[in-house]
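Novice: The whole structure should be built from the sequences, with the hints applied where relevant.
There are 2 protein chains.
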Amino acid sequence: MHTSTPAELEIWFDFASNYSYLSVMRIEDLARRAGARVLWRPFLLGPVFQSFGWTNSPFVLQKAKGEYMWRDIVRECDKYALPWRRPAEFSRRSLLPVRVALYGEQEPWIAEFCRRVMLRNFSADLDIDAEASVAAVLAEMGLDAAAIIASAQADENKRKLRARGEQAIALGIFGAPTFFVAGEMFWGNDRLDDAIARAASPVPD
Amino acid sequence: MHTSTPAELEIWFDFASNYSYLSVMRIEDLARRAGARVLWRPFLLGPVFQSFGWTNSPFVLQKAKGEYMWRDIVRECDKYALPWRRPAEFSRRSLLPVRVALYGEQEPWIAEFCRRVMLRNFSADLDIDAEASVAAVLAEMGLDAAAIIASAQADENKRKLRARGEQAIALGIFGAPTFFVAGEMFWGNDRLDDAIARAASPVPD
Chain A
1 MHTSTPAELE IWFDFASNYS YLSVMRIEDL ARRAGARVLW RPFLLGPVFQ
51 SFGWTNSPFV LQKAKGEYMW RDIVRECDKY ALPWRRPAEF SRRSLLPVRV
101 ALYGEQEPWI AEFCRRVMLR NFSADLDIDA EASVAAVLAE MGLDAAAIIA
151 SAQADENKRK LRARGEQAIA LGIFGAPTFF VAGEMFWGND RLDDAIARAA
201 SPVPD
Chain B
1 MHTSTPAELE IWFDFASNYS YLSVMRIEDL ARRAGARVLW RPFLLGPVFQ
51 SFGWTNSPFV LQKAKGEYMW RDIVRECDKY ALPWRRPAEF SRRSLLPVRV
101 ALYGEQEPWI AEFCRRVMLR NFSADLDIDA EASVAAVLAE MGLDAAAIIA
151 SAQADENKRK LRARGEQAIA LGIFGAPTFF VAGEMFWGND RLDDAIARAA
201 SPVPD
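Going down the list, the sequences are from chains A and B. The UniProt record's numbering numbers the first residue of the first sequence as 1 and each following residue consecutively. The UniProt record's numbering numbers the first residue of the second sequence as 1 and each following residue consecutively.
Don't read these hints as lab results, they were simulated from the structure. It is possible that some hints are incorrect.
Copies of one chain are not kept apart here, so a pair can be met inside one copy or by any two copies together.
Claimed, not checked - Calculated cross-link-like contacts (lysine to aspartate or glutamate; reagent style EDC-like; alpha-carbon spacing at most 16 Å):
| hint | residue 1 | residue 2 |
| --- | --- | --- |
| 1 | K79 | D190 |
| 2 | K79 | D193 |
| 3 | K160 | E105 |
| 4 | K65 | E184 |
Specialist: The following block contains the structure:
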């Protein structure tokens, strides 16, 4: 049997981001079929936006774009057969679940944790940042919520998250989701299929 | 033989916009196969951006986004088998060709004129705004360049273009290309296929 290292596909995402929701829900199945491995790269969009001098999401700051987005995301969820309810609060604070995802990004539970937090935000329309919210998600998965949350809130993990944000800016990330395959950047759920195709068929050099 | 009015698909575009280039080149073939009719809606992005307080394209104002776009557009042109050369000047002034397109938007030559101006900008990397540039495009098509340019620069057409810009803002347009099918808005070349599908299969009411 031929064995080779599967191609790797990074997904940079924030639980506050509705287009990240689409990709977080879709990526694992697509990657499996393409024989690629997903590398989860949770980060906070807020500091990236702040580095551009923005005080909020462009969907909040730009009224016309925001109004369009709320229509577009409904059609997109239909397209991918994903549940959707417009969150009463947008964009939601996502600091704690992002910290937990960062802490657990190499754990076997990471993909399901991410999907469950996303569904909580964009289908159940519930808070995702309170400790009780994150603990509920982890407990539903049969995990030790208290221990994981404690580790996620430890100084080392907080430092890692700040470094992750600096790395995002250094990589030229300006929105989410953003994908990387062998250094090639793809922005937006609309490019997930292209990123998967690149991961499945590495360009010969 | 069954006859029915073909569904109509509006494309709002500016010759200065590189993602408009992709859609202007693709839309006529796609619409023909879907049995839909293209309504050309040339407009100037500049006044729309100015209405948001922006002095230039987001691809110029936002460095990270602009750098990504120059990579993305190369991949997109590969995807659609379209020629591409990065314009030495971006975004190019497009006032005169937009005026000509507005003047001729119901003429049989409109689609080909639009494609030729786009190729001049994004494949030949030539000025598109000088009278000689527009005249060359029209003359290559066997049209009366002098008469068309005179009509395009007449006061009535100038007023029409200002009204078109006000209409764009009123419709909530914030970028280009933007498509409308039966009042439903689709933004970006990435949504052209969805807009075509909507035009081909009207939603029953």
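Novice: List in ascending order the numbers of the hints, as given earlier, that are violated by the structure.
Specialist: none
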